[in-house]
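K.L.:
Residues per chain, in single letters:
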Amino acid sequence: MTQNTLKNRVLVIDDSKHIRNFVKLVLEQESFEVELADCGEKGVELALASSFDVLLIDLRMPGISGVEALSQIRSSGSNVPAIAFSAADAESVDLENSHFKTFIPKPIEITELISTIREVITK
Amino acid sequence: MSETVALKSKFLDDDFYLPLLRSFSDDLSGVYAKLEMQINEEKFKALREHCHQMSGASSTYGYPQLALLFEEVETLVTKDKHSKKILLDYLDQFSEMFDKVRAGIC
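Here the protein sequences come in this chain order: A and B. The first sequence runs 1 to 123 under the working numbering. The second sequence runs 1 to 106 under the working numbering.
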């Protein structure tokens, strides 16, 4: 078994290059394998083309939103757990109806990011 | 000539984050040019989205003051309380703030 097969795979979908690079650096340091998508459309494509342990999806992006992206992923039969992240208040995010497991607020706190991802993966 | 006061990220003392902070700082010239274009060409929807994106990035990178400035412009545009003059004044504030971020990295 290679080292790579032991790593949990995370797909990060966010239109901000800075956020994507930040999350990638932090998660790779924690031994996650990270793929990046810069928009919802590309995120849907990657999510359906490969296998991931969790999706981390920004809610507000140009083009299709994070909610729409996840809806398209679910419509294609994928049940991979997904976490929303956004600068919006947690109360304003309809987690249940949008199929997100949970929500991480921006600004991203590193310890919360890591613990939330681990929790979602192990559930 | 007055010396620019440095704005320091909360991550600045950790070498692990330094390449990210440098990249963020290096991109600020491009961010300024984009803000200037969006204001001058009155592309307010694009300006609002750009400010929203940069507000999230600035706060995540440990620059809450910069995040607040982006958030103010985003709110002004969202509430349709902006004028070109007000936004150009903000552009000056962005220029000063970006210089402070660069000074903090050097």
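To be clear, the hints were calculated from the coordinates, so they are not data collected in a lab. Note that the coordinates shown come from a computational prediction; the quantities given were computed from them, not determined experimentally. Among the clues, some could well be false.
Cβ pair distances, simulated, as ranges [as the list claims (entries may be wrong)]: (1) 89/B x 75/A: 21 to 31 Å; (2) 41/A x 41/B: 19 to 29 Å; (3) 42/A x 33/B: 19 to 29 Å; (4) 96/A x 6/B: 37 to 47 Å; (5) 12/B x 71/A: 32 to 42 Å; (6) 38/A x 14/B: 37 to 47 Å; (7) 33/B x 121/A: 18 to 28 Å.
Virtual Cβ for every residue (Gly too), placed ideally from N, Cα, C.
K.L.:
Check each numbered hint from earlier against the structure, then list the numbers of those it violates in ascending order.
P.N.:
Those not satisfied are hints 1, 6 and 7.
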